[in-house]
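K.L.:
Chains as they are written, first to last, in our numbering: chain A, 1 to 259; chain B, 1 to 253.
Calculated from the structure, these hints are not laboratory results.
Note that the structure is predicted; figures quoted are calculated from it, not measured.
Among the clues, some could well be false.
What the hints assert, rightly or not - Lysine-lysine pairs mimicking DSSO-like chemistry, simulated, CA-CA at most 27 Å apart:
{"#": "1", "chain 1": "B", "residue 1": "Lys151", "chain 2": "A", "residue 2": "Lys97"}
{"#": "2", "chain 1": "A", "residue 1": "Lys105", "chain 2": "B", "residue 2": "Lys2"}
{"#": "3", "chain 1": "A", "residue 1": "Lys122", "chain 2": "A", "residue 2": "Lys65"}
{"#": "4", "chain 1": "A", "residue 1": "Lys27", "chain 2": "B", "residue 2": "Lys151"}
{"#": "5", "chain 1": "A", "residue 1": "Lys102", "chain 2": "B", "residue 2": "Lys166"}
{"#": "6", "chain 1": "A", "residue 1": "Lys111", "chain 2": "B", "residue 2": "Lys2"}
{"#": "7", "chain 1": "A", "residue 1": "Lys122", "chain 2": "B", "residue 2": "Lys62"}
{"#": "8", "chain 1": "B", "residue 1": "Lys159", "chain 2": "A", "residue 2": "Lys97"}
{"#": "9", "chain 1": "B", "residue 1": "Lys240", "chain 2": "A", "residue 2": "Lys180"}
Said to hold, decoys possible - Rough simulated footprint, nothing fancy, chain B against chain A, three-plus residues with beta-carbon under 8 Å:
{"#": "10", "segment": "121–127"}
{"#": "11", "segment": "216–222"}
{"#": "12", "segment": "236–247"}
The C-beta atom is built at its ideal place from N, Cα and C for all residues, glycine as well.
Given next are the chains, with one letter for each unit.
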Amino acid sequence: MFLQMNEVAKRFDAHEVFSGINLSIEKNQFVSILGPSGCGKSTLLSMVAGLEDVTEGTLSLGGEKILQPGTDRGMVFQQPALFPWLTVKDNVTFPLKADHSKREKEQLAAKYLKMVHLTRFKDAYPHELSGGMQQRVAIARALAMDPKVLLMDEPFGALDEQTRHILHDELMKIFDETKKTILFVTHSIQEAIKLSDRVIVMGTRPGRIIADFPIDMDRPRERDDKKVIEMEKNIMALLEDEIKKVMKEELDYEAKHLG
Amino acid sequence: MKPSIWVKRIVFIIVLLAIWQGVYMSGYFPAIQFPPPTKVFQALIDGFADGTLVGALLASFKHLLIGLALAITLGTLIGVLLGKSRQADETAGMYLIAMQSIPSIVWVPLAIMLIGLNETAVIFVVVLGGTFVMALNVRTAIHSVPPEFIKAARTMGSKGLPLFFKVEVPASLPYYMSGIRLAWAFSWRALMAGELLSNGPGLGYSLRFAMDFAQMELVIGIIIIVGVIGSVVDQLVFSKLEKKVMRRWGLLK
Numbered sequence: 001m002f003l004q005m006n007e008v009a010k011r012f013d014a015h016e017v018f019s020g021i022n023l024s025i026e027k028n029q030f031v032s033i034l035g036p037s038g039c040g041k042s043t044l045l046s047m048v049a050g051l052e053d054v055t056e057g058t059l060s061l062g063g064e065k066i067l068q069p070g071t072d073r074g075m076v077f078q079q080p081a082l083f084p085w086l087t088v089k090d091n092v093t094f095p096l097k098a099d100h101s102k103r104e105k106e107q108l109a110a111k112y113l114k115m116v117h118l119t120r121f122k123d124a125y126p127h128e129l130s131g132g133m134q135q136r137v138a139i140a141r142a143l144a145m146d147p148k149v150l151l152m153d154e155p156f157g158a159l160d161e162q163t164r165h166i167l168h169d170e171l172m173k174i175f176d177e178t179k180k181t182i183l184f185v186t187h188s189i190q191e192a193i194k195l196s197d198r199v200i201v202m203g204t205r206p207g208r209i210i211a212d213f214p215i216d217m218d219r220p221r222e223r224d225d226k227k228v229i230e231m232e233k234n235i236m237a238l239l240e241d242e243i244k245k246v247m248k249e250e251l252d253y254e255a256k257h258l259g
Numbered sequence: 001m002k003p004s005i006w007v008k009r010i011v012f013i014i015v016l017l018a019i020w021q022g023v024y025m026s027g028y029f030p031a032i033q034f035p036p037p038t039k040v041f042q043a044l045i046d047g048f049a050d051g052t053l054v055g056a057l058l059a060s061f062k063h064l065l066i067g068l069a070l071a072i073t074l075g076t077l078i079g080v081l082l083g084k085s086r087q088a089d090e091t092a093g094m095y096l097i098a099m100q101s102i103p104s105i106v107w108v109p110l111a112i113m114l115i116g117l118n119e120t121a122v123i124f125v126v127v128l129g130g131t132f133v134m135a136l137n138v139r140t141a142i143h144s145v146p147p148e149f150i151k152a153a154r155t156m157g158s159k160g161l162p163l164f165f166k167v168e169v170p171a172s173l174p175y176y177m178s179g180i181r182l183a184w185a186f187s188w189r190a191l192m193a194g195e196l197l198s199n200g201p202g203l204g205y206s207l208r209f210a211m212d213f214a215q216m217e218l219v220i221g222i223i224i225i226v227g228v229i230g231s232v233v234d235q236l237v238f239s240k241l242e243k244k245v246m247r248r249w250g251l252l253k
């Protein structure tokens, strides 16, 4: 399998985030990891990126064990994390190594900026762009190094609703064009259903996979589609128990310590 | 800036000069202790005309430039060390703050005893005056690099020295500029402290010389020069540089 996780666990000192995560992700698939806050979905993604140590188990990409960050995995964070001292174009070429000629770099930057419709802003500085535009630059930057897999950690979480919808459509086009494998972390059920080929639902305390199913629906998927609504309900029911569990724990804690 | 602001400022200084002149004319203070503005002005003109103040200024700037350059270099090295190494920070960070709290004039006797009554002692005091504040700011600058920049750079394959020079250094530049501005301000104060007790040449030395010869008009004149240079250099050079960097980094609109 392309991206493989075997019995992966993460602990911070005594606190266990999750354990026993087993996942196989195929090439050219858009896979979402969906779950309530605290389930460790972002931590898991960071482990794939190589930014977090793996406490137990192994992760591998294309047969190679993941031990540290690398250009075979591009990541887009919730914050665009663009470098303010570089122009949009220079931000996009940042990950390109020195063995690319200047012309190649220019061409690659032009290609990916065109893909995110920001050609016009190639000489602008990040702070001159809106939040949505900054996030598009971040996507172009991650794509520019031609990674095997694109990791996205709630990339549209900080954007307003309209911008988010526009970026969903753009991401779908990019997915069509580049056929990248995308691993997408979100807490939005709608977002996961709208975008993914497969949704992995994580539960919390302890973090674990509670459901994993394919979405075989044509794109674009409309929100009022019967099948979409049906699926939303199913996932909501799955997550409700998880959220209740967290709430109950918090209330019990309050009762114990304040009551 | 709006012209009305300048009008206010000019009116303020005229009123101040008028009060000064009024107090002088009341005869309450002996003239030797309280010269009129015109006499101070004349003393400044004479000082520049016969070259004594020019020489003093040049000497002071020489001490300052050498001292400040050393302070910025040393401060940067110490700051980077403390900013990057947790061990170093835990060991020495607290003492750096203690050193920073020592007024620079306190170093003057030590400098004179150690080095002698000469210009090197003055430069030594200037270096001490600027180094610690510079180091503290560089340390803060490095600590304040947004962690998401580092994470993003790491996912793009940067690590080690290239990560430091291509991401951490530019990311910390705004704070670094603040550090340079503060180092200049502290060095300027230290310079005056050092020169006051030195035996010249320099603006501080001229000030003490004027005191020894009871030339109050020159004392006031030199105080004015010190204030004007301090604020003009800050406004025209360091504040401008700092703001330029902050604007470019999107920290200031």
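K.L.:
Okay, which hints does this one fail, numbers in order?
P.N.:
Going through the list in order, the structure violates hints 2, 3, 6, 7, 9, 11 and 12 and respects the others.
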